[in-house]
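Trainee: Sequence:
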Amino acid sequence: MKPSEYRPGLKKMVVSVPVATVWTTPESPRAMDMNVLQNKADMRAWLSSLTPDERLDLCTSNRTQTQVLYAEEVVVIEVRNGWANIRIPNQATRKDPLGYPGWVPYIQLTEWSRDIARDSGVRLNAQVQINSYAQKSAQGQMNTVVEVNAPVQNQEKDNTHVHDHVQDRGTDYIHAQTHENRLVQVYAKFAKMALLLEDAEAPYLELSYLTKLPLIEVRDTEVYVHSPHGVGVLSMKDVTFLDHHAGTGLDIGSRIAAEANRFLNLAYLWGGLSSYGYDCSGFAYSMYASQGITIPRDASDQALAGTEAVSNRLRPGDLRFFCI
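Note that our numbering numbers the sequence shown so that position 264 is 264, with each residue one more than the last.
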């Protein structure tokens, strides 16, 4: 979001449910949509309860607009009768310069900052220290670098790798070097995040593909992260580290296509932007996002934002638009 577009008085918050569905108006939801209107939004229960006609009605009655993943930032324009009128900065649209507009239950938002969480430092069983400093990239750009350190014996840094994980019988060292991101991203279609809070209402949250959270520490096969619910633990096999700018290299289109193939036979969901279900433009948006490329949310904006491809020279990852 450009500073000139953010007006004083507007409130920045983050999503506190695994997936928040964004509705056209507060009156848009139906009785059968209650499963995704609570502070424990249950996408599986909701989708399994809908008939094909009820799914279709989300589109024909213009009920839903898009979705927002856990911990993603939104801008709250107003709050009315338990509903928040929001804009989504990461979902560009011609509808509003602040980001994609719509309404979500206010109970699905919380005040939490990735920056504050990342820089606060967290004590687990061993001291964890987070140090930030500036480093010039090969392209001459100044990037933020983060080191997340836990004490180990004989720790060795190998700066030829973006992250090193050195194990010593339960004590770990990780050197995570990123650009503007110091984040862990869910790579599995779904990932269970265990919550370490003693008063947590549920032992874990099921997170969608592409959910991003700040890294604290890596221990053996467990990845500790900051989250709106406090410290969370993910399995190493379910995540990847956002430690470089994806989106470069000749094989970028092939990587986008390979990610898309993972979701063959997934049912279409109007307004969907999670691994529970996508709509057409949401699918394109997410597959590009998997490689660090941000494109507009809607197909009509995507078509205008890109570079026109010659039909007889299409390559993997190119998009074709049939109606804009």
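Because the hints were derived from the structure by calculation, they are not lab data. As the structure is a prediction and not an experimental result, all values here were calculated from the model. Treat the hints loosely; a few may be bogus.
[Claimed, not checked] Pair by pair, the computed Cβ-Cβ distance ranges are: (1) Ala-305 <-> Thr-240: 23 to 31 Å; (2) Ser-300 <-> Arg-30: 37 to 45 Å; (3) Val-79 <-> Asn-261: 36 to 44 Å; (4) Arg-30 <-> Thr-221: 38 to 46 Å; (5) Lys-237 <-> Asn-261: 17 to 25 Å; (6) Glu-222 <-> Arg-30: 17 to 25 Å; (7) Leu-10 <-> Gly-292: 25 to 33 Å; (8) Met-236 <-> Arg-94: 39 to 47 Å; (9) Glu-78 <-> Asn-261: 25 to 33 Å.
The C-beta atom is built at its ideal place from N, Cα and C for all residues, glycine as well.
Trainee: Taking the beta carbons of Glu-222 and Arg-30, is their distance inside 17 to 25 Å?
Mentor: With a Cβ separation near 40 Å, Glu-222 and Arg-30 fall outside 17 to 25 Å, so the hint is violated.
Trainee: Do Ala-305 and Thr-240 keep their Cβ atoms within the hinted range of 23 to 31 Å?
Mentor: Holds - the Cβ-Cβ distance for Ala-305 and Thr-240, about 26 Å, lies within 23 to 31 Å.
Trainee: The hint says 25 to 33 Å between Glu-78 and Asn-261; measuring C-beta to C-beta, is that right?
Mentor: Violated, at about 42 Å.
Trainee: I want to verify a distance hint. Is the separation of the beta carbons of Arg-30 and Thr-221 within 38 to 46 Å?
Mentor: Cβ of Arg-30 to Cβ of Thr-221: about 42 Å, so the range 38 to 46 Å holds.
Trainee: Using the beta carbons of Leu-10 and Gly-292, state whether their distance is inside 25 to 33 Å or not.
Mentor: Check passed, 27 Å falls within 25 to 33 Å.
Trainee: Regarding Ser-300 and Arg-30, is the given constraint of 37 to 45 Å on their beta-carbon distance met?
Mentor: violated, 27 Å
Trainee: Between Val-79 and Asn-261, is the Cβ distance one that fits in 36 to 44 Å?
Mentor: Since Val-79 and Asn-261 have Cβ atoms about 41 Å apart, the given range 36 to 44 Å holds.
Trainee: Go ahead and decide if the range 39 to 47 Å is satisfied by the Cβ distance of Met-236 to Arg-94.
Mentor: holds, 40 Å
Trainee: Lys-237 and Asn-261, beta-carbon distance inside 17 to 25 Å?
Mentor: This hint holds: roughly 20 Å between Cβ atoms.
Hint violations for this structure: numbers 2, 6 and 9, all remaining hints satisfied.
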